[in-house]
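Visitor: These are the residues of each chain, in order.
There are 2 protein chains.
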Amino acid sequence: MYRSHTCGELRKEHINKEVTLSGWVQKVRDKGFMVWVDVRDRYGITQLIFDEERTPNGVLETAQRLGREFVIQVDGTVIERESKNANIPTGTIEVLVKNITVLNESKTPPFTIENETDGGDDLRMKYRYLDIRRNPVKNSLIFRHKVGIEVRNYLSNEGFIEVETPYLIKSTPEGARDFVVPSRMNEGQFYALPQSPQTFKQLLMVGGMDKYFQIVKCFRDEDLRADRQPEFTQIDCEMAFVEQEDILNVFEGLTRHLLKEIKGIDITNFPRITYDEAMRKYGNDKPDIRFGMEFGELNEVAQHKDFKVFNDAELVVGIAVPGAASYTRKEIDKLIDWVKRPQVGALGMVYVKCNEDGSFKSSVDKFYNEDDLKKWAEATNAKAGDLICVLSGVANKTRAQLSALRMEMAERLGLRKADEFAPLWVLDFPLLEWDEETACYHAMHHPFTSPKPEDVKLLDTEPGNVRANAYDLVLNGNEIGGGSIRIHDKDLQALMFKHLGFTEEEAKAQFGFLMDAFQYGAPPHGGLAFGFDRLVAILGGQETIRDFIAFPKNNSGRDVMIDAPAKIDEEQLKELHIKLNL
Amino acid sequence: MYRSHTCGELRKEHINKEVTLSGWVQKVRDKGFMVWVDVRDRYGITQLIFDEERTPNGVLETAQRLGREFVIQVDGTVIERESKNANIPTGTIEVLVKNITVLNESKTPPFTIENETDGGDDLRMKYRYLDIRRNPVKNSLIFRHKVGIEVRNYLSNEGFIEVETPYLIKSTPEGARDFVVPSRMNEGQFYALPQSPQTFKQLLMVGGMDKYFQIVKCFRDEDLRADRQPEFTQIDCEMAFVEQEDILNVFEGLTRHLLKEIKGIDITNFPRITYDEAMRKYGNDKPDIRFGMEFGELNEVAQHKDFKVFNDAELVVGIAVPGAASYTRKEIDKLIDWVKRPQVGALGMVYVKCNEDGSFKSSVDKFYNEDDLKKWAEATNAKAGDLICVLSGVANKTRAQLSALRMEMAERLGLRKADEFAPLWVLDFPLLEWDEETACYHAMHHPFTSPKPEDVKLLDTEPGNVRANAYDLVLNGNEIGGGSIRIHDKDLQALMFKHLGFTEEEAKAQFGFLMDAFQYGAPPHGGLAFGFDRLVAILGGQETIRDFIAFPKNNSGRDVMIDAPAKIDEEQLKELHIKLNL
Chain A
1 MYRSHTCGEL
11 RKEHINKEVT
21 LSGWVQKVRD
31 KGFMVWVDVR
41 DRYGITQLIF
51 DEERTPNGVL
61 ETAQRLGREF
71 VIQVDGTVIE
81 RESKNANIPT
91 GTIEVLVKNI
101 TVLNESKTPP
111 FTIENETDGG
121 DDLRMKYRYL
131 DIRRNPVKNS
141 LIFRHKVGIE
151 VRNYLSNEGF
161 IEVETPYLIK
171 STPEGARDFV
181 VPSRMNEGQF
191 YALPQSPQTF
201 KQLLMVGGMD
211 KYFQIVKCFR
221 DEDLRADRQP
231 EFTQIDCEMA
241 FVEQEDILNV
251 FEGLTRHLLK
261 EIKGIDITNF
271 PRITYDEAMR
281 KYGNDKPDIR
291 FGMEFGELNE
301 VAQHKDFKVF
311 NDAELVVGIA
321 VPGAASYTRK
331 EIDKLIDWVK
341 RPQVGALGMV
351 YVKCNEDGSF
361 KSSVDKFYNE
371 DDLKKWAEAT
381 NAKAGDLICV
391 LSGVANKTRA
401 QLSALRMEMA
411 ERLGLRKADE
421 FAPLWVLDFP
431 LLEWDEETAC
441 YHAMHHPFTS
451 PKPEDVKLLD
461 TEPGNVRANA
471 YDLVLNGNEI
481 GGGSIRIHDK
491 DLQALMFKHL
501 GFTEEEAKAQ
511 FGFLMDAFQY
521 GAPPHGGLAF
531 GFDRLVAILG
541 GQETIRDFIA
551 FPKNNSGRDV
561 MIDAPAKIDE
571 EQLKELHIKL
581 NL
Chain B
1 MYRSHTCGEL
11 RKEHINKEVT
21 LSGWVQKVRD
31 KGFMVWVDVR
41 DRYGITQLIF
51 DEERTPNGVL
61 ETAQRLGREF
71 VIQVDGTVIE
81 RESKNANIPT
91 GTIEVLVKNI
101 TVLNESKTPP
111 FTIENETDGG
121 DDLRMKYRYL
131 DIRRNPVKNS
141 LIFRHKVGIE
151 VRNYLSNEGF
161 IEVETPYLIK
171 STPEGARDFV
181 VPSRMNEGQF
191 YALPQSPQTF
201 KQLLMVGGMD
211 KYFQIVKCFR
221 DEDLRADRQP
231 EFTQIDCEMA
241 FVEQEDILNV
251 FEGLTRHLLK
261 EIKGIDITNF
271 PRITYDEAMR
281 KYGNDKPDIR
291 FGMEFGELNE
301 VAQHKDFKVF
311 NDAELVVGIA
321 VPGAASYTRK
331 EIDKLIDWVK
341 RPQVGALGMV
351 YVKCNEDGSF
361 KSSVDKFYNE
371 DDLKKWAEAT
381 NAKAGDLICV
391 LSGVANKTRA
401 QLSALRMEMA
411 ERLGLRKADE
421 FAPLWVLDFP
431 LLEWDEETAC
441 YHAMHHPFTS
451 PKPEDVKLLD
461 TEPGNVRANA
471 YDLVLNGNEI
481 GGGSIRIHDK
491 DLQALMFKHL
501 GFTEEEAKAQ
511 FGFLMDAFQY
521 GAPPHGGLAF
531 GFDRLVAILG
541 GQETIRDFIA
551 FPKNNSGRDV
561 MIDAPAKIDE
571 EQLKELHIKL
581 NL
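First to last, the sequence lines map onto chains A and B. Under the UniProt record's numbering, the first sequence is numbered contiguously, ending at residue 582. Under the UniProt record's numbering, the second sequence is numbered contiguously, ending at residue 582.
Chain A with its partners taken away, still in its complex shape (with noise of 0.2 Å):
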């Protein structure tokens, strides 16, 4: 038996006790007549004590040759320490120590295992081994491990069975690149690594299984961003028999479970907007509400004086910065430059102080006097002390550029605050999007998505201001899920796919076994799926998510601590009848 306890578990009734630890050395104070060394565990940190006087012979000298990392096993007995350590949970104790056993060496680590370490990203990727070691990546892995259970109970509970669908699958020419597989067995032929068990799932449904969920990983052979992998996990789920309203409630659910289980945090406040609201009060799809600075549309009360830029913009509109009227000439300036900034994209930016006294000071005071700019903070909804940042121009552009500064500015005053959470629902998202590269609408979520009922009879005029049943599910300014209804009737997936440009040969090439199955009976039926990587690192509170990825690859898609991908055997390209193609 290696241990009798964890290295996190002892305390003070344990004192007098014979314990057994095992674990790696953290660290080695050697005063020559007595030696201190930390052992630590997966469960947290003891300290040992070796002296002359009590320890028997041999084992002091073993102890004065550990290194960090070693790995000791340990017998002894339990005593009260001398001077507490508050800071960690077994603090009032250490171990006595009658015995030691060296289990194996370890080399100097690359970088030091602590919670602040000394270590680089590269570094850290190449032996990610130890990097483990260190509790922020430890705990992120255990918190994830932690979601996806309450995640798979919480479905469970309410009947959802998981179901396992394949990874070998076809490749499809919609969407992202796909990973494909070369078949040995079935020569010139490749499988494809699913982009998301989306059809399948689908079949799931026209197969009776009417609650279905996966938590499932996913392949994207993309151009890698930062904070994107091209392996990921989802929580796939899908309903069938259900409307909107279904769905919604069971995944609000769901966001509550876990906010409640995880964080202990009651949500009280669930909102719904629609995507058009989101664009107009928030400038973005994907709106934080945990902070107010809601867009305030201007023209009315900005156009028709005598500022031509605001006169020739499709549209005029500010927020209110909270407290931010207090900023120096300096400061605004720093501001005006950072929304010309090409990542933001903005000409430049009017701004009115909301001076305490209730006074205005703007950088556009010869066009607009006291009365002008009062009606501008109540469009804002601007409070003494605020700073109104004013943007113009085409409507769309304007109102992404006013959502980085409202997003910056928030940042700035601490607004984004890693332990609130504010989940939201942003509904009616469009059914098309207008692709400029091929000059046609393409499927914003994907062919299958069904119009709303009452829009359907825009698809010939207005194609583009037909709404979906499509929903994003948006915590803290993040999209952690979305989904949509699917289309269930076969004459209105064929309207939508002649809407789509597909003939009728190209519909049944690209998405025919799916067509096939919908002839046997499809329920009514919809879904969503969450980033489950994303989730869980803004549960965490964290803003990327590599640390709750135990191996994750780096932004050329390399692991680079198995040093993948690499080279195969000729003997191997020949039985799969590809060659190299350099």
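Treat each hint with caution, since some may be false.
Heads up, the list lumps identical chains together, so a pair's fine if it works in one copy or across two of them.
[Claimed, not checked] Below are the PhoX-like pairs computed for lysine-lysine, each with C-alpha atoms no more than 25 Å apart in a straight line:
hint : residue 1 : residue 2
1    : K217      : K146
2    : K490      : K27
3    : K417      : K281
4    : K579      : K567
5    : K281      : K397
6    : K567      : K508
7    : K340      : K281
8    : K107      : K508
9    : K138      : K217
10   : K567      : K375
Hints were generated in silico from the structure; no laboratory data involved.
We have chain A; now place chain B onto it with these hints.
Guide: Just chain B, lined up with the frame of chain A:
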């Protein structure tokens, strides 16, 4: 709202309630003035009734036009049924329909959606989404889900953390063939899909995550035998700071938990036998111990008489088949033919009938007297009425032949009861396995498996007799799990590589990153993996895994429903830096 209740929910207490049901049409019985429709969903079947007197205009006519598998929604009143159907839980009621909507029509399905279908395997696989509507398949998938939930809850409660390991990893020349994935971003290089997360779980142990598990897909590009899938699911587990005993206890606990929670069975007996004992007693390293018929070795009592066949044999061994003394001469001849089939391969069989009066009648009466045969009966534990079947020859082969006979007789006698569960640990597997082809020893489990400390000294002299700290969990004659204690000492590992015929360079090339990791403080560790598909099938009392997999592949590795694998575009190949080599 599509339904107020499911089709399996309504009972006597719902009588007079207004309800809405949705589901598929199972059956229509049309008597002209009266129509009964069975409507079915995941939860059951409810009888609907329509009649001229009570059903509104048009509704009866719609019911008359319904076809099998149409999707309908009905509103109606629950009424007491005149002729009750005791076979279904809803059999005391029916719903008098007021309103019907056809949600979707269906073509006539290619096979009947009944417990016993008229569809053959191929048709069922092609239309798997219809097959899943059938109770046997649907219930198998739901059963699988339940087992998964119980596995996760048990391990989670035991402190195990589910960690997702990557699917895009590195190809290794060891073991079975890998499926590979060409990398677009890393020209000429390939990922491999994992055959198991073996190295990653060992890295997690180095990383201090001392209790890991994962229910995970694994991939092997092997020529498929019946009931083997190219992608399969494993319950993968690993623990650090444990000895074999700790691991056995945890997974004995898991097995007991599953049998209790899933089957309601308390396992009183969970025996452990060694590999050697299993081979001697059952001729098999995964014996079915739901029944006896243990081997009796007869060398001592059957050799040194005048029967040359036995005298020349390395092993003479028999079993007592209960109650089979009543076999006719013809039946026994057929049995002898059976053991002589090439699949079994025995040259002949000697038999002894143990008559009810205590006398014996054997096929070798001219060589053996009653006293001799009495000793055979003692050695095989035969009772009056049993038939002793005796094989002889080279020990290993003869044991395998007798094992086949033992299983066959158990099958014929109905001793392999689907609702009886007899788990068993088989311990102390040989470390090495002689490979005729390469004329050298191979690791039986994998090269990181630890030999028994007391056997290390035999590595040089009797490598074939070195036992490993390796164990299999056997349930009803199936290996459902297997694992080992791993080597964590680098000197022992070097010794092992030497004995497996690796040079230092070869070992480094193949297992480099794991060996690197082991230099930084690898703890003692070990683990095991369960075949989840098989485990679920056995718990479900089935012989084959196929119906416990939602979308299985056929023996050519094809998914005939989606028609995968398939050709991909030239363009796609080009991007992946490969071309076909047909």
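Visitor: For every hint, state whether the structure bears it out.
Guide: Comparing the hints with the structure gives:
1. In the homo-oligomer, the alpha carbons of K217 and K146 lie at most 25 Å apart both inside one protomer (18 Å) and across protomers (21 Å), since each shortest distance falls under that limit.
2. In this assembly of identical chains, the alpha carbons of K490 and K27 lie at most 25 Å apart only when taken from different copies (24 Å versus 68 Å within one copy).
3. In this homomeric assembly, K417 and K281 come within 25 Å of each other (Cα to Cα) only inside a single copy, at 21 Å, whereas the closest approach across copies is 67 Å.
4. Taking the shortest Cα distances, K579 and K567 sit within 25 Å of each other both inside one copy (12 Å) and across copies (16 Å).
5. Taking the closest pair of Cα atoms, K281 and K397 come within 25 Å of each other only inside a single copy of the chain (14 Å); across copies the shortest separation is 79 Å, beyond that limit.
6. Only between protomers do K567 and K508 lie at most 25 Å apart by alpha-carbon distance; the minimum there is 16 Å, versus 38 Å within a single protomer.
7. In this homomeric assembly, K340 and K281 come within 25 Å of each other (Cα to Cα) only inside a single copy, at 22 Å, whereas the closest approach across copies is 83 Å.
8. Proximity of K107 to K508 under the C-alpha cut-off of 25 Å is restricted to the inter-copy arrangement: shortest distance 17 Å between copies versus 60 Å within a copy.
9. For the homomeric pair K138 and K217, the shortest alpha-carbon distances inside one copy (21 Å) and between copies (23 Å) are both at most 25 Å.
10. For the homomeric pair K567 and K375, neither the shortest alpha-carbon distance inside one copy (67 Å) nor that between copies (64 Å) is at most 25 Å.
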